[in-house]
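Peer 1: Going down the list, the sequences are from chains X and C. Note that my numbering has the first sequence beginning at 1, numbered continuously upward. Note that my numbering has the second sequence beginning at 1, numbered continuously upward.
Source of the hints: derived by calculation from the structure; they are not laboratory data. Hints may contain errors.
Chain copies aren't distinguished; within one or between two, either way the pair holds.
Below, simulated DSS-like cross-link-like pairs (lysine-lysine); rule was C-alpha separation at most 27 Å, straight line [claimed, not checked]: (1) Lys192 <-> Lys61; (2) Lys192 <-> Lys54; (3) Lys244 <-> Lys87; (4) Lys54 <-> Lys88; (5) Lys61 <-> Lys88; (6) Lys192 <-> Lys88; (7) Lys87 <-> Lys192.
Note that the structure is predicted; figures quoted are calculated from it, not measured.
Protein chains: 2
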Amino acid sequence: MNPAGAPPATGRLLLVPATLDFGCETLTPLSDVLPTGTLTAAATIEHWVCENAKTLRAFLKRVDSHVPLARPLQQLSITELPRDVYKKGDHAGAAGGAFDARPLLAAALAGHDVGLASEAGMPAVADPGSSVVRAAHDLGLTVLPLVGPVSLLLALAASGLNGQDFAFVGYLPQDTVQRIARIRELESLALKTGQTQLFIETPYRNAALLQALVQSLQPHTRLSVSSGLTLTDGSATTHSRLVKAWRQHLPASEMRLPAVFGIGR
Amino acid sequence: MNPAGAPPATGRLLLVPATLDFGCETLTPLSDVLPTGTLTAAATIEHWVCENAKTLRAFLKRVDSHVPLARPLQQLSITELPRDVYKKGDHAGAAGGAFDARPLLAAALAGHDVGLASEAGMPAVADPGSSVVRAAHDLGLTVLPLVGPVSLLLALAASGLNGQDFAFVGYLPQDTVQRIARIRELESLALKTGQTQLFIETPYRNAALLQALVQSLQPHTRLSVSSGLTLTDGSATTHSRLVKAWRQHLPASEMRLPAVFGIGR
Chain X
1 MNPAGAPPAT GRLLLVPATL DFGCETLTPL SDVLPTGTLT AAATIEHWVC
51 ENAKTLRAFL KRVDSHVPLA RPLQQLSITE LPRDVYKKGD HAGAAGGAFD
101 ARPLLAAALA GHDVGLASEA GMPAVADPGS SVVRAAHDLG LTVLPLVGPV
151 SLLLALAASG LNGQDFAFVG YLPQDTVQRI ARIRELESLA LKTGQTQLFI
201 ETPYRNAALL QALVQSLQPH TRLSVSSGLT LTDGSATTHS RLVKAWRQHL
251 PASEMRLPAV FGIGR
Chain C
1 MNPAGAPPAT GRLLLVPATL DFGCETLTPL SDVLPTGTLT AAATIEHWVC
51 ENAKTLRAFL KRVDSHVPLA RPLQQLSITE LPRDVYKKGD HAGAAGGAFD
101 ARPLLAAALA GHDVGLASEA GMPAVADPGS SVVRAAHDLG LTVLPLVGPV
151 SLLLALAASG LNGQDFAFVG YLPQDTVQRI ARIRELESLA LKTGQTQLFI
201 ETPYRNAALL QALVQSLQPH TRLSVSSGLT LTDGSATTHS RLVKAWRQHL
251 PASEMRLPAV FGIGR
């Protein structure tokens with residue numbers, strides 16, 4: 001019962017993690033990487049904001065085979081984040097300012113839970129989406145993150161690098177000279193402060209990045225590379241060695257999957 | 001069949017996340033936060049290295065009610081990490097050097113999978129354990145991180161702060177003057193580089209830290225506080241506001257649960 005004059009209850013913003021097998025040949029069983037609680041929540045959400053509607057529909061089809069969706073896929077309301085946000089990030093909109101995502105949350109103001117999803121892993125972590133979360137806070141909505149796979153943290157745990165002080169810095173520069181300078185800057189920071197430095201690369205450039213790292217880093221720096229995390233076909237690997245040992249074991253075969261790189265002492 | 005002369009297959013090191021309700025009154029249903037795959041793996045492991053054997057046994061009892069354990073609890077081999085490692089971290093052993101955890105992995109060399117667990121969340125992330133992971137790599141063992149809740153990443157996603165460039169820096173100094181200096185240093189870094197800065201505090205000091213943050217930070221810095229993450233009794237909250245808004249809404253009631261703090265622009 002809604003007392004006369006009281007505002008209608010608002011919906012929540014649920015952060016729904018997806019699997020990490022986006023674009024991979026073998027799909028990870030959902031029950032390996034998503035708790036039943038997350039699958040159940042995803043199955044009940046009727047309003048979505050996402051990176052890519054097609055990917056979200058494919059994901060929800062997989063969810064449906066575990067927990068039946070509350071409504072048929074075609075009846076869900078799915079809004080894609082503007083391409084700008086995905087290209088330039090949430091903090092730099094078209095006009096140079098931060099993206100205002102509040103209009104995307106109208107359904108929540110009307111009382112419906114809204115799901116936020118990206119193509120792989122946790123939305124707003126190593127992926128855009130934080131503008132939507134910020135907008136939810138600005139509107140006074142409850143924000144609830146659900147449990148699922150986060151490649152960065154799986155990689156950090158598996159690296160053996162310091163997990164009590166670490167940073168994720170995104171992508172390194174593509175330009176060769178700038179990239180080497182950035183590698184040395186991150187290494188210097190990691191060695192001086194003990195703060196592990198994590199970064200990523202687009203898969204087709206992984207092998208080149210690994211080569212640059214092995215060539216530029218000091219022999220006693222530890223370098224960890226995780227790829228194919230959560231894949232169950234045997235392709236999930238984490239290799240963590242001192243750079244001098246990497247120089248003797250440079251793999252090539254596993255470098256076409258999404259990877260997370262880490263350096264530290 | 002093991003061909004004559006071939007070395008026996010070694011076991012793997014599995015990183016097993018625990019729930020985040022350690023020490024809380026209400027327990028989170030395991031199926032809300034752990035995928036069936038993680039529960040199944042935990043139920044089959046017979047050799048463990050952990051922070052606290054009592055906590056691990058209590059966790060495994062809960063696992064057993066979802067997926068029956070392969071062996072009775074009393075028959076499991078459970079080794080606690082030395083207290084030193086839990087006090088000073090994996091990177092500073094008694095003799096000042098890094099802790100050598102290789103002897104803890106004898107079971108893996110003999111062919112058994114070994115589980116690594118901490119009292120809450122992911123081992124080796126915001127918790128010790130990286131020495132065991134490093135030892136596994138040094139011994140050539142496969143390291144496999146399993147999916148579960150990681151408070152830092154749930155908090156980051158829910159904060160609306162930049163998740164494409166962030167750092168976790170552990171605890172801030174306890175000394176008042178040093179703490180304020182560190183807060184200003186982290187704020188300056190966050191505002192200058194855009195890198196979100198995350199940190200934690202022991203629960204009974206949360207309220208004092210929040211007060212210090214609200215007093216010391218600049219009005220337009222965004223401050224996020226997540227507490228009770230994954231708790232299902234309604235106590236899971238994330239508040240994310242500009243400091244000037246925090247000054248008008250200083251909560252006191254929710255500050256006794258484990259919390260993650262984040263600042264950024």
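Peer 1: Work down the list of hints and note, for each, if the structure agrees.
Peer 2: Hints and how they fare:
Taking identical chains as interchangeable, the C-alpha atoms of Lys192 and Lys61 are never at most 27 Å apart, the minima being 48 Å within one chain and 43 Å between chains. Taking CA atoms no more than 27 Å apart as the test, Lys192 paired with Lys54 passes in neither setting, with 45 Å inside one copy and 37 Å between copies. When the C-alpha separation of Lys244 and Lys87 is checked against a cutoff of 27 Å, the pair qualifies neither within a copy, at 37 Å, nor between copies, at 31 Å. For a Cα distance limit of 27 Å, the shortest separation of Lys54 from Lys88 inside one copy, 21 Å, qualifies, whereas the shortest one across copies, 48 Å, does not.
In the homo-oligomer, the alpha carbons of Lys61 and Lys88 never lie at most 27 Å apart, since the shortest distance is 30 Å inside one protomer and 47 Å across protomers. Proximity of Lys192 to Lys88 under the C-alpha cut-off of 27 Å is restricted to the inter-copy arrangement: shortest distance 18 Å between copies versus 31 Å within a copy. Within a single copy, Lys87 and Lys192 get their C-alpha atoms only as close as 33 Å, which misses the 27 Å cut-off; across copies the closest is 22 Å, which meets it.
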